[in-house]
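Chains Z and R are the protein sequences, given in the same order. To convert, note that position 117 of the first sequence is 117 in my numbering; the numbers rise steadily by one, no gaps. To convert, note that position 11 of the second sequence is 11 in my numbering; the numbers rise steadily by one, no gaps.
A couple of the hints might just be wrong.
As the list claims (entries may be wrong) - Simulated crosslink set (SDA-like; lysine to any residue; CA at most 20 angstroms straight-line): (1) Z/Lys52 / R/Pro7; (2) Z/Lys121 / R/Tyr62; (3) Z/Lys52 / Z/Ala120; (4) Z/Lys52 / R/Arg6; (5) Z/Lys13 / Z/Arg162; (6) Z/Lys52 / R/Ser13; (7) Z/Lys180 / R/Val34; (8) Z/Lys121 / Z/Val176; (9) R/Lys23 / Z/Pro50; (10) Z/Lys121 / R/Gln4; (11) Z/Lys52 / R/Val34; (12) Z/Lys180 / R/His12; (13) Z/Lys52 / R/His12; (14) Z/Lys180 / Z/Met148; (15) Z/Lys121 / R/Pro22; (16) Z/Lys77 / Z/Met148; (17) Z/Lys159 / Z/Ala133; (18) Z/Lys180 / R/Ser13; (19) Z/Lys20 / Z/Glu85; (20) R/Lys23 / Z/Ala126; (21) Z/Lys159 / Z/Glu69; (22) Z/Lys180 / R/Pro20; (23) Z/Lys121 / R/Gln31; (24) Z/Lys121 / R/Ala10; (25) R/Lys23 / Z/Asn111; (26) R/Lys23 / Z/Arg46; (27) Z/Lys121 / R/Ala44; (28) R/Lys23 / Z/Glu177; (29) Z/Lys121 / R/Arg21; (30) Z/Lys52 / R/Tyr11; (31) Z/Lys137 / Z/Ala108; (32) Z/Lys52 / R/Asp9; (33) Z/Lys20 / Z/Met148; (34) Z/Lys137 / Z/Asn111.
To be verified - Selected chain R positions facing chain Z (in silico; Cβ < 8 angstroms): (35) Tyr8; (36) Tyr11; (37) Tyr25; (38) Gln31.
Bear in mind the hints are in silico, worked out from the structure with no lab data behind them. All C-beta atoms, glycine included, are put in the ideal place defined by N, C-alpha and C.
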Amino acid sequence: MWIYEKKLQYPVKVSKCDPKLAKFLIEQYGGADGELAAALRYLNQRYTIPDKVIGLLTDIGTEEFAHLEMIATMVYKLTKDASVEQLKAAGFEGHFADHDRALFYHNAAGNPFTVTYIQAKGDPIADLYEDIAAEEKARATYQWLIDMTDDVDIQDSLKFLREREVIHSLRFREAVEMLKEYQEQKKVF
Amino acid sequence: MDRQWRPYDAYHSPLDPCPPRPKAYIVPPNQMMVTQSPGMKQYAPFDALKHGTLWPDLYSPYDPPTRGGR
Ligand SMILES: [Fe+2]
Chain Z
1 MWIYEKKLQY PVKVSKCDPK LAKFLIEQYG GADGELAAAL RYLNQRYTIP
51 DKVIGLLTDI GTEEFAHLEM IATMVYKLTK DASVEQLKAA GFEGHFADHD
101 RALFYHNAAG NPFTVTYIQA KGDPIADLYE DIAAEEKARA TYQWLIDMTD
151 DVDIQDSLKF LREREVIHSL RFREAVEMLK EYQEQKKVF
Chain R
1 MDRQWRPYDA YHSPLDPCPP RPKAYIVPPN QMMVTQSPGM KQYAPFDALK
51 HGTLWPDLYS PYDPPTRGGR
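Chain R with its partners taken away, still in its complex shape:
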């Protein structure tokens, strides 16, 4: 699982009607900094366009299958 994902368990009662589903939430990398420090490494221009950001450390991939229960 990607470093940005946080799997977690929720209480599951023996009386719950459905089998438990794996659960996870995402913490995008913007949460890890208060302000951006200067000089962060950069993507090449074309890759930056593709990723939506110039900085790999701020890129947050989002692949639905990574999410529990999809």
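Pulled out of the complex, with its shape left as it was, chain Z reads as follows:
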């Protein structure tokens, strides 16, 4: 089960009225390397991975949902007060026709989220390598998003999220190292 804290993991401040940015940020909401895909991937892989990695997948999978909330907050703030004309000018007319200003799980090109973005292979090494790749791809996405805005406050939140990917990748690589060790081998400190 989960316990919910009614605050964001890291503050999200949007200082510039730039609805167009929301169209790009949505990539991290419902895109292939986005936070939803990450959360679902890790929390699902937990069941069939050796015990010593389950906790890590739970922790990181949970944190990804906290990131999803941050992205949602950015998108919401950028679109909630935009007029229909502004939304059309921002390229949001397709989204508006289907969803009004509601958020939806699709990528920046409008493709709906699909579970085919993620995999659970059952082989611990294969699954962890997918996780490492996913973190590096999410890091790259954050870089391109930071490149596309000059709003320093939103950049600040995006830089936080990018750094989390850097750390998660390392944790997954450490997990691979743990799984390589022989069970009989006792660590001597």
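Using the hints, position chain R with the ligand against chain Z.
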């Protein structure tokens, strides 16, 4: 069990419906190196063809019966 296999235990509850199954995963030898060092010992040409690699240290056998529960 082959050196590449890692047996492991998963929690088994007294209330689980099926008897526990032995579990193991494989760690192929490519995981043990970042880059290949030069001068590794080699198979004879025919054996290399049969094994799919020129280097015994990179050969990963995969025999399903080794895997738990098969
Ligand atoms: Fe992540």
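So, going through the hints one by one against the coordinates:
1. Z/Lys52 / R/Pro7: 13 angstroms, holds
2. Z/Lys121 / R/Tyr62: At roughly 17 angstroms apart (the allowed maximum being 20 angstroms), R/Tyr62 and Z/Lys121 satisfy the hint.
3. Z/Lys52 / Z/Ala120: Given that 20 angstroms is the threshold and the Cα spacing comes to 18 angstroms, the pair holds.
4. Z/Lys52 / R/Arg6: Roughly 13 angstroms between the alpha carbons, so the hint for Z/Lys52 and R/Arg6 holds.
5. Z/Lys13 / Z/Arg162: Roughly 16 angstroms between the alpha carbons, so the hint for Z/Lys13 and Z/Arg162 holds.
6. Z/Lys52 / R/Ser13: 17 angstroms, holds
7. Z/Lys180 / R/Val34: 13 angstroms, holds
8. Z/Lys121 / Z/Val176: 15 angstroms, holds
9. R/Lys23 / Z/Pro50: Given that 20 angstroms is the threshold and the Cα spacing comes to 9 angstroms, the pair holds.
10. Z/Lys121 / R/Gln4: Distance ~19 angstroms between Z/Lys121 and R/Gln4 Cα, so the pair holds.
11. Z/Lys52 / R/Val34: 24 angstroms, violated
12. Z/Lys180 / R/His12: It is violated: about 23 angstroms lies between the C-alpha atoms, which goes past 20 angstroms.
13. Z/Lys52 / R/His12: 15 angstroms, holds
14. Z/Lys180 / Z/Met148: At roughly 40 angstroms apart (the allowed maximum being 20 angstroms), Z/Met148 and Z/Lys180 break the hint.
15. Z/Lys121 / R/Pro22: With a Cα-Cα distance of about 19 angstroms, the restraint between Z/Lys121 and R/Pro22 holds, given a limit of 20 angstroms.
16. Z/Lys77 / Z/Met148: 17 angstroms, holds
17. Z/Lys159 / Z/Ala133: 19 angstroms, holds
18. Z/Lys180 / R/Ser13: 27 angstroms, violated
19. Z/Lys20 / Z/Glu85: Judged against 20 angstroms, a Cα distance of about 12 angstroms means the pair holds.
20. R/Lys23 / Z/Ala126: 16 angstroms, holds
21. Z/Lys159 / Z/Glu69: Holds, at roughly 16 angstroms.
22. Z/Lys180 / R/Pro20: With a Cα-Cα distance of about 23 angstroms, the restraint between Z/Lys180 and R/Pro20 is violated, given a limit of 20 angstroms.
23. Z/Lys121 / R/Gln31: 17 angstroms, holds
24. Z/Lys121 / R/Ala10: Cα-Cα ~18 angstroms, so holds.
25. R/Lys23 / Z/Asn111: 39 angstroms, violated
26. R/Lys23 / Z/Arg46: With a Cα-Cα distance of about 15 angstroms, the restraint between R/Lys23 and Z/Arg46 holds, given a limit of 20 angstroms.
27. Z/Lys121 / R/Ala44: 35 angstroms, violated
28. R/Lys23 / Z/Glu177: Holds, at roughly 19 angstroms.
29. Z/Lys121 / R/Arg21: Judged against 20 angstroms, a Cα distance of about 19 angstroms means the pair holds.
30. Z/Lys52 / R/Tyr11: Since the Cα atoms of Z/Lys52 and R/Tyr11 sit roughly 11 angstroms apart, the hinted pair holds (cutoff 20 angstroms).
31. Z/Lys137 / Z/Ala108: Status holds; Cα separation ~15 angstroms.
32. Z/Lys52 / R/Asp9: 10 angstroms, holds
33. Z/Lys20 / Z/Met148: 10 angstroms, holds
34. Z/Lys137 / Z/Asn111: Holds, at about 18 angstroms.
35. Tyr8: 4 angstroms, holds
36. Tyr11: 7 angstroms, holds
37. Tyr25: Check passed: Cβ of R/Tyr25 comes within 5 angstroms of chain Z, closer than 8 angstroms.
38. Gln31: 6 angstroms, holds
In this structure, the hints that do not hold are numbers 11, 12, 14, 18, 22, 25 and 27, in rising order.
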